[in-house]
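**Q** Below are the chains, spelled out letter by letter.
Number of protein chains: 2
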Amino acid sequence: MGIKVGLLGLGTVGAGTAAILLSPLGRHPLLAEVKLAWVGVRSLTKPRQVNLPPEILTTDLVQIVRSPEVDIVIEVLGGIEPARSLVLEAIAHGKHIITANKALIARHGDEIYTAANHAGVYVMLEAAVAGGIPIIQPLKQTLGVNRIHTITGIINGTTNYILTRMREEGGDFGDILAEAQKLGYAEADPTADVDGLDAADKISILASLGFGGRIKLEDVYCEGIRSITKTDIAYAEQLGFVIKLLAIASRDKAHPDQFPPRLSVRVHPTLIPQDHPLASINGVYNAVSVVGEPLGQVVFEGPGAGAGATASSVVADLLQVLAVLKIQVAWSQAGVPDTGLGSKISLLHPLLSCAHQEYCEISTMEELETRFYTRFITSDQPGVIGKLGTIFGNHQVSIESIVQKDIHDKDTREAAAEIVVVTHNVAEGNFRAAIEEIRQLPTVQSISSMIRVLEQ
Amino acid sequence: MGIKVGLLGLGTVGAGTAAILLSPLGRHPLLAEVKLAWVGVRSLTKPRQVNLPPEILTTDLVQIVRSPEVDIVIEVLGGIEPARSLVLEAIAHGKHIITANKALIARHGDEIYTAANHAGVYVMLEAAVAGGIPIIQPLKQTLGVNRIHTITGIINGTTNYILTRMREEGGDFGDILAEAQKLGYAEADPTADVDGLDAADKISILASLGFGGRIKLEDVYCEGIRSITKTDIAYAEQLGFVIKLLAIASRDKAHPDQFPPRLSVRVHPTLIPQDHPLASINGVYNAVSVVGEPLGQVVFEGPGAGAGATASSVVADLLQVLAVLKIQVAWSQAGVPDTGLGSKISLLHPLLSCAHQEYCEISTMEELETRFYTRFITSDQPGVIGKLGTIFGNHQVSIESIVQKDIHDKDTREAAAEIVVVTHNVAEGNFRAAIEEIRQLPTVQSISSMIRVLEQ
Numbered sequence: 541m542g543i544k545v546g547l548l549g550l551g552t553v554g555a556g557t558a559a560i561l562l563s564p565l566g567r568h569p570l571l572a573e574v575k576l577a578w579v580g581v582r583s584l585t586k587p588r589q590v591n592l593p594p595e596i597l598t599t600d601l602v603q604i605v606r607s608p609e610v611d612i613v614i615e616v617l618g619g620i621e622p623a624r625s626l627v628l629e630a631i632a633h634g635k636h637i638i639t640a641n642k643a644l645i646a647r648h649g650d651e652i653y654t655a656a657n658h659a660g661v662y663v664m665l666e667a668a669v670a671g672g673i674p675i676i677q678p679l680k681q682t683l684g685v686n687r688i689h690t691i692t693g694i695i696n697g698t699t700n701y702i703l704t705r706m707r708e709e710g711g712d713f714g715d716i717l718a719e720a721q722k723l724g725y726a727e728a729d730p731t732a733d734v735d736g737l738d739a740a741d742k743i744s745i746l747a748s749l750g751f752g753g754r755i756k757l758e759d760v761y762c763e764g765i766r767s768i769t770k771t772d773i774a775y776a777e778q779l780g781f782v783i784k785l786l787a788i789a790s791r792d793k794a795h796p797d798q799f800p801p802r803l804s805v806r807v808h809p810t811l812i813p814q815d816h817p818l819a820s821i822n823g824v825y826n827a828v829s830v831v832g833e834p835l836g837q838v839v840f841e842g843p844g845a846g847a848g849a850t851a852s853s854v855v856a857d858l859l860q861v862l863a864v865l866k867i868q869v870a871w872s873q874a875g876v877p878d879t880g881l882g883s884k885i886s887l888l889h890p891l892l893s894c895a896h897q898e899y900c901e902i903s904t905m906e907e908l909e910t911r912f913y914t915r916f917i918t919s920d921q922p923g924v925i926g927k928l929g930t931i932f933g934n935h936q937v938s939i940e941s942i943v944q945k946d947i948h949d950k951d952t953r954e955a956a957a958e959i960v961v962v963t964h965n966v967a968e969g970n971f972r973a974a975i976e977e978i979r980q981l982p983t984v985q986s987i988s989s990m991i992r993v994l995e996q
Numbered sequence: 541m542g543i544k545v546g547l548l549g550l551g552t553v554g555a556g557t558a559a560i561l562l563s564p565l566g567r568h569p570l571l572a573e574v575k576l577a578w579v580g581v582r583s584l585t586k587p588r589q590v591n592l593p594p595e596i597l598t599t600d601l602v603q604i605v606r607s608p609e610v611d612i613v614i615e616v617l618g619g620i621e622p623a624r625s626l627v628l629e630a631i632a633h634g635k636h637i638i639t640a641n642k643a644l645i646a647r648h649g650d651e652i653y654t655a656a657n658h659a660g661v662y663v664m665l666e667a668a669v670a671g672g673i674p675i676i677q678p679l680k681q682t683l684g685v686n687r688i689h690t691i692t693g694i695i696n697g698t699t700n701y702i703l704t705r706m707r708e709e710g711g712d713f714g715d716i717l718a719e720a721q722k723l724g725y726a727e728a729d730p731t732a733d734v735d736g737l738d739a740a741d742k743i744s745i746l747a748s749l750g751f752g753g754r755i756k757l758e759d760v761y762c763e764g765i766r767s768i769t770k771t772d773i774a775y776a777e778q779l780g781f782v783i784k785l786l787a788i789a790s791r792d793k794a795h796p797d798q799f800p801p802r803l804s805v806r807v808h809p810t811l812i813p814q815d816h817p818l819a820s821i822n823g824v825y826n827a828v829s830v831v832g833e834p835l836g837q838v839v840f841e842g843p844g845a846g847a848g849a850t851a852s853s854v855v856a857d858l859l860q861v862l863a864v865l866k867i868q869v870a871w872s873q874a875g876v877p878d879t880g881l882g883s884k885i886s887l888l889h890p891l892l893s894c895a896h897q898e899y900c901e902i903s904t905m906e907e908l909e910t911r912f913y914t915r916f917i918t919s920d921q922p923g924v925i926g927k928l929g930t931i932f933g934n935h936q937v938s939i940e941s942i943v944q945k946d947i948h949d950k951d952t953r954e955a956a957a958e959i960v961v962v963t964h965n966v967a968e969g970n971f972r973a974a975i976e977e978i979r980q981l982p983t984v985q986s987i988s989s990m991i992r993v994l995e996q
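Residue numbers (this note's numbering), protein chains in the order written: chain A, 541 to 996; chain B, 541 to 996.
Keep in mind the hints are simulated off the structure, nothing from the lab.
One should not assume that every hint holds.
To be verified - Quick list of in silico lysine to any residue cross-link-like pairs, SDA-like style, CA-CA up to 20 Å:
#1 A:K866 to B:L865
#2 B:K866 to A:V869
#3 A:K770 to A:P564
#4 A:K793 to B:S563
#5 B:K793 to A:P564
#6 B:K866 to A:K945
#7 B:K866 to A:K770
#8 B:K770 to B:D759
Stated by the list, open to error - Residues on chain A that point at chain B, a partial pick, calculated with CB under 7 Å:
#9 I543
#10 G672
#11 N686
#12 G836
#13 E841
#14 S852
#15 L859
#16 P890
#17 P922
#18 G926
#19 K927
#20 I942
#21 Q944
#22 I947
Claimed, not checked - Far from chain A by the CB rule (all over 12 Å, computed), these chain B residues:
#23 G556
#24 R567
#25 L584
#26 E595
#27 V602
#28 P674
#29 L679
#30 R791
#31 E841
#32 G846
#33 A847
#34 L862
#35 E901
#36 I978
Glycine included, C-beta positions come from ideal geometry on N, C-alpha and C.
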């Protein structure tokens with residue numbers, strides 16, 4: 541049938557995508573019907589990993605998104621501009637969009653989907669979250685028959701790599717980050733990864749698909765891994781936990797019947813039990829757990845990045861769109877009249893298009909019910925634990941375990957005590973109020989860390 | 541739009557399916573458009589877990605599959621007959637089919653898909669393999685852009701439960717099977733599960749979808765877990781492995797360009813490294829690993845059985861078919877003429893329909909390249925290991941590790957030696973030839989076990 545594709549970008553993912561399209565043998569037979577019509581690049585002379593006919597390369601990306609010869613535009617440029625403008629221009633010209641750009645969708649998904657629904661085109665984004673793991677399609681199509689309760693993911697490979705090495709080697713965050721940068725697992729500016737911003741983009745996309753409402757990115761709580769120390773990792777280990785940077789979206793249990801549901805959406809380091817399915821996801825691997833009713837829990841794991849894995853998801857989206865276009869062509873040959881642009885929206889495949897209009901209400905972190913791990917340094921005096929326990933009790937914070945270890949203050953060399961507390965589920969607001977009161981105790985020298993523990 | 545569903549069977553899965561359809565709130569909005577028109581049961585008076593209007597219950601299942609009021613038939617009866625006849629009759633009457641019946645599809649898929657393609661209807665089977673895990677849809681739709689190399693699954697919950705308890709408790713197969721039967725995790729006649737037949741049904745379905753050709757069930761090698769002993773589980777542990785019943789379908793590397801590909805398809809107990817993603821899948825949980833190019837490895841895990849999990853997959857299939865019917869209705873309202881039954885096949889959604897006509901060629905087990913764990917009891921004489929090593933070497937069997945332990949023969953109480961050998965990848969035929977020669981050695985009292993080790 542000869543569906544024509546315009547590819548914007550020929551970096552790692554773009555080259556991986558072209559490589560699949562250039563060798564369809566042994567893959568889904570529909571891929572043989574795709575023609576790579578145009579590839580937009582910055583430089584025509586740069587050496588490439590894939591062999592493309594030179595006449596399809598162009599530096600004029602605007603021409604690609606306007607070309608009547610192009611049916612589907614694949615955007616793998618990354619970043620906000622010019623990706624946003626090109627995608628909107630492509631939509632205005634009736635092209636279907638496939639993108640791997642989580643930052644673009646998380647920030648401008650609203651504008652893009654509104655334009656796409658008006659134009660009657662698809663915007664597909666399997667590659668935007670968790671690389672090669674097929675998670676977008678199941679959330680949109682298969683798992684959606686469930687009432688989703690929670691989506692929990694390790695969806696940033698860089699931070700998972702750093703935390704895995706810190707655990708395995710007992711190293712410090714700064715040293716391992718530097719190593720990761722040297723090895724190419726972390727960017728020169730690691731902010732988006734280590735401060736959780738990339739994971740926030742991705743969980744806002746997963747939450748939107750899983751819960752059926754749009755998400756404002758600024759509502760997503762975001763805390764990175766810079767403050768995680770090897771001491772906390774060791775204590776966590778001893779208590780039966782592993783520390784992971786989790787991205788979590790969960791239905792607010794206090795408002796079960798709201799639609800779109802009221803959610804808690806957040807990214808933060810989290811202690812998870814060592815036998816939890818996400819505890820064994822190590823290195824740059826990603827995984828996403830989905831809990832729903834009546835399904836229970838399913839977990840998807842796989843490579844979260846890389847040319848091949850991400851390209852696999854890009855082309856999977858292409859296959860979805862191809863299949864629908866193929867039916868449309870078949871129907872059209874059977875005599876269906878062209879109904880014009882305006883009426884196309886009702887003819888979009890309802891599991892591929894995205895019709896959410898309303899925003900999900902997002903709970904504040906103070907309302908969250910979670911558990912906490914916290915570590916104090918106190919002077920080595922009798923009665924300290926009693927005082928901590930009393931203050932926690934006054935704030936309805938119930939303690940699950942408490943460990944005290946004699947240490948020496950690293951500056952004064954005076955005897956001190958290190959106290960590690962793990963709570964049961966508590967309202968985060970109550971916990972913070974208790975911590976503020978504890979901070980005033982003269983015997984408490986410092987509160988070294990406060991890390992959430994996966995709620996029970 | 542009012543799509544009408546006829547449900548055949550109201551057992552565990554049927555009741556779970558009805559429960560979802562009766563409470564669409566908070567699920568995918570399309571589900572609100574389904575009407576449960578008829579439910580076929582054996583007894584009208586039996587008390588049920590779901591509240592259904594009594595007038596939609598009937599014991600006349602043939603009437604349901606012929607009814608002009610029914611668009612989609614959900615078959616959750618299990619077993620071959622009357623399921624097969626009812627499904628074929630439903631197809632002949634133009635109904636789309638959703639089934640959870642792996643035995644039916646593995647044995648009669650050929651006949652059923654041929655009829656369905658002729659009639660222009662879908663046959664959907666997400667619930668037939670791995671309960672609530674969405675694995676069928678990814679294999680048909682998302683992962684298919686890859687050249688699939690290997691599909692490896694823990695897809696029988698009963699055997700995984702038994703092996704997990706044997707490992708955790710050091711118990712014997714017979715005792716734990718009896719316990720599992722008492723607890724309802726194993727059937728009174730456990731043959732289909734413990735002898736690997738159920739897993740063979742399921743891997744033949746996964747292989748067919750993943751590799752794009754039909755599979756003859758009788759070509760699937762099948763070995764169960766009856767011969768696994770606590771001694772072997774303990775040795776495996778010591779060597780860094782866990783024993784799991786794996787179902788494996790892999791592309792024959794010696795014939796990389798054949799299409800449909802030449803495959804090895806088999807079910808057998810397997811030693812897998814403790815850090816393999818499938819090693820931590822315990823109890824009744826299922827998991828499926830898919831390795832492809834360029835994707836790498838993805839793993840899906842979740843509940844392999846149960847009312848809610850299986851019903852989730854049944855209704856997920858229903859959602860897929862609904863969505864396509866909805867587009868057809870939209871197009872039809874836009875003026876498409878009815879093209880008649882005969883021409884419908886070309887109008888089926890190409891990712892939902894199944895067009896495989898050819899059979900995959902299946903390699904023999906002798907051709908398989910795999911690793912082996914084997915345990916011998918020999919008399920306690922010098923030179924035994926040397927003789928074993930020589931014979932293995934003569935047959936091109938390269939040894940990775942060898943452990944010898946002094947024991948006493950349990951009958952004669954005479955001193956004996958227990959020797960455990962793990963090989964590198966070898967041709968199974970060569971290994972078996974070596975074993976036959978070793979069996980003739982007068983010093984070898986018995987070959988207690990031979991278990992495959994996941995190949996490198």
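**Q** Work down the list of hints and note, for each, if the structure agrees.
**A** Hint by hint, here is what the structure shows:
For the hint linking K866 (chain A) to L865 (chain B), the alpha-carbon distance of about 15 Å falls within 20 Å, and the restraint holds. Between K866 (chain B) and V869 (chain A) the CA atoms are separated by roughly 17 Å; this keeps the pair inside 20 Å, and the hint holds. Note on K770 (chain A) and P564 (chain A): the hinted pairing is violated, with a Cα-Cα distance of about 48 Å set against a maximum of 20 Å. For the hint pairing K793 (chain A) with S563 (chain B), the CA-to-CA distance comes to about 18 Å; that is within 20 Å, so the pair holds.
At most 20 Å may separate the alpha-carbon atoms for a hinted pair to count; K793 (chain B) and P564 (chain A) meet this at roughly 19 Å. With a C-alpha separation of about 65 Å, the suggested pair K866 (chain B) and K945 (chain A) falls outside the 20 Å cut-off, and the hint is violated. A C-alpha spacing of about 55 Å is found between K866 (chain B) and K770 (chain A), which places the hinted pair above 20 Å, so the restraint is violated. For the hint pairing K770 (chain B) with D759 (chain B), the CA-to-CA distance comes to about 30 Å; that exceeds 20 Å, so the pair is violated.
A hinted interface residue such as I543 (chain A) counts as satisfied when its beta carbon comes closer than 7 Å to some beta carbon of chain B; here the least separation is about 13 Å, so the hint is violated. Annotation: interface hint on G672 (chain A) holds; nearest CB of chain B at approximately 5 Å, less than 7 Å. Contact between N686 (chain A) and chain B, as hinted, is supported at the beta carbon level, the nearest pair being about 6 Å apart and thus within 7 Å. Because the closest C-beta pair between G836 (chain A) and chain B is about 5 Å apart, less than 7 Å, the hint holds.
At a threshold of 7 Å, the smallest CB-CB gap from E841 (chain A) to chain B is about 5 Å, leaving the interface hint in force. Proximity of S852 (chain A) to chain B holds as hinted, the smallest CB-CB distance being about 4 Å (cut-off 7 Å). The closest approach between the C-beta of L859 (chain A) and any C-beta of chain B is roughly 6 Å, which is under the 7 Å cut-off, so the hint is satisfied. A distance limit of 7 Å between C-beta atoms decides the matter here; for P890 (chain A) the minimum to chain B is near 5 Å, and the interface restraint holds.
Residue-level restraint check for P922 (chain A) is violated (minimum Cβ-Cβ distance to chain B is 43 Å; threshold 7 Å). Of the supplied interface hints, the one on G926 (chain A) is violated, with its beta-carbon coming no nearer than about 40 Å to a beta-carbon of chain B, more than 7 Å. Annotation: interface hint on K927 (chain A) violated; nearest CB of chain B at approximately 41 Å, more than 7 Å. For I942 (chain A), the shortest C-beta to C-beta distance to chain B is roughly 30 Å, which exceeds 7 Å, and the interface hint is violated.
Because the closest C-beta pair between Q944 (chain A) and chain B is about 33 Å apart, greater than 7 Å, the hint is violated. Proximity of I947 (chain A) to chain B is violated relative to the hint, the smallest CB-CB distance being about 34 Å (cut-off 7 Å). The Cβ of G556 (chain B) sits about 6 Å from the closest Cβ of chain A, inside the 12 Å cut-off, so the non-interface label is violated. Remark: the non-interface label on R567 (chain B) conflicts with the geometry, its nearest Cβ contact in chain A lying 5 Å away (cut-off 12 Å).
Chain A leaves L584 (chain B) outside its interface by the beta-carbon criterion, the shortest separation being 26 Å against a cut-off of 12 Å. For E595 (chain B), the non-interface assignment is confirmed: its Cβ lies about 26 Å from the closest Cβ of chain A, beyond the 12 Å cut-off. No Cβ of chain A comes within 12 Å of the Cβ of V602 (chain B); the nearest lies about 28 Å off, and the non-interface call holds. For P674 (chain B), the requirement that its beta carbon stay farther than 12 Å from each beta carbon of chain A is not met, with the minimum near 4 Å.
Chain A draws L679 (chain B) into its interface by the beta-carbon criterion, the shortest separation being 10 Å against a cut-off of 12 Å. Not every CB of chain A lies more than 12 Å from the CB of R791 (chain B), the least distance being 9 Å, so the non-interface label is violated. For E841 (chain B), the requirement that its beta carbon stay farther than 12 Å from each beta carbon of chain A is not met, with the minimum near 5 Å. Look at G846 (chain B): its CB is around 7 Å from the nearest CB on chain A, not clear of 12 Å, so calling it non-interface is violated.
Once the 12 Å rule is applied to beta carbons, A847 (chain B) is inconsistent with being away from chain A; the minimum gap is 7 Å. Against the 12 Å criterion, L862 (chain B) falls within the reach of chain A, whose nearest CB is about 8 Å from its own CB. With a closest Cβ-Cβ approach of about 15 Å to chain A, E901 (chain B) is found to remain outside the 12 Å limit, as its non-interface label requires. Every C-beta of chain A lies more than 12 Å from that of I978 (chain B), the closest at about 38 Å, which supports listing it as non-interface.
The structure is inconsistent with the numbered hints 3, 6, 7, 8, 9, 17, 18, 19, 20, 21, 22, 23, 24, 28, 29, 30, 31, 32, 33 and 34, although it conforms to all the rest.
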